[in-house]
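Count the sequence shown with the numbering used here and you get residues 46 to 140, in order.
Note that these hints are calculated values from the structure, not bench results.
Worth double-checking, as some hints may not be accurate.
Taking lysine-lysine pairs in the BS3-like style, the calculated list, with each CA pair at most 25 Å apart, reads [said to hold, decoys possible]: (1) Lys97 / Lys122; (2) Lys97 / Lys134; (3) Lys122 / Lys134; (4) Lys122 / Lys86; (5) Lys133 / Lys122; (6) Lys86 / Lys134; (7) Lys86 / Lys97.
Pairwise CB distance ranges (calculated) [stated by the list, open to error]: (8) His96 / Arg52: 12 to 22 Å; (9) Arg70 / Pro48: 31 to 41 Å; (10) Leu118 / Ile60: 10 to 20 Å; (11) Glu120 / Gln63: 13 to 23 Å.
Built from N, CA and C at the ideal position, the CB exists for glycine as well.
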Amino acid sequence: MSPMTQRSLGRHELIGLQVAVESERCDEYSQVTGRIIDETKNTFIVFDGRHKRRIPKSAASFRFALPDHSTCLLEGKMIIYRPEDRIKKFRGMKK
């Protein structure tokens, strides 16, 4: 598999990545930071060090910390897929 970059993030497993939630629609989700511990079609479950928070993908943008110490902002609407389907969909995209 290719290295995780901003362009290839959609093709990779997101569980385990550090994430910051940015939401203009709902203050409840804005400024949540932590590690993704699970993913479903419509949500991420983020552990913030004390609590597990279920964040709807459609309600927010997500800023991921990549292994090369850069960050990548993804709109949640763009990744509303089951994890295995998202990986297949993005695999066909050019690098």
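Hint-by-hint comparison with the structure:
{"no.": "1", "hint": "Lys97 / Lys122", "verdict": "holds, 21 Å"}
{"no.": "2", "hint": "Lys97 / Lys134", "verdict": "violated, 28 Å"}
{"no.": "3", "hint": "Lys122 / Lys134", "verdict": "holds, 14 Å"}
{"no.": "4", "hint": "Lys122 / Lys86", "verdict": "holds, 11 Å"}
{"no.": "5", "hint": "Lys133 / Lys122", "verdict": "holds, 17 Å"}
{"no.": "6", "hint": "Lys86 / Lys134", "verdict": "holds, 13 Å"}
{"no.": "7", "hint": "Lys86 / Lys97", "verdict": "holds, 17 Å"}
{"no.": "8", "hint": "His96 / Arg52: 12 to 22 Å", "verdict": "violated, 32 Å"}
{"no.": "9", "hint": "Arg70 / Pro48: 31 to 41 Å", "verdict": "holds, 33 Å"}
{"no.": "10", "hint": "Leu118 / Ile60: 10 to 20 Å", "verdict": "holds, 19 Å"}
{"no.": "11", "hint": "Glu120 / Gln63: 13 to 23 Å", "verdict": "holds, 18 Å"}
Violation of the numbered hints given earlier is confined to hints 2 and 8; the remaining hints are satisfied by the structure.
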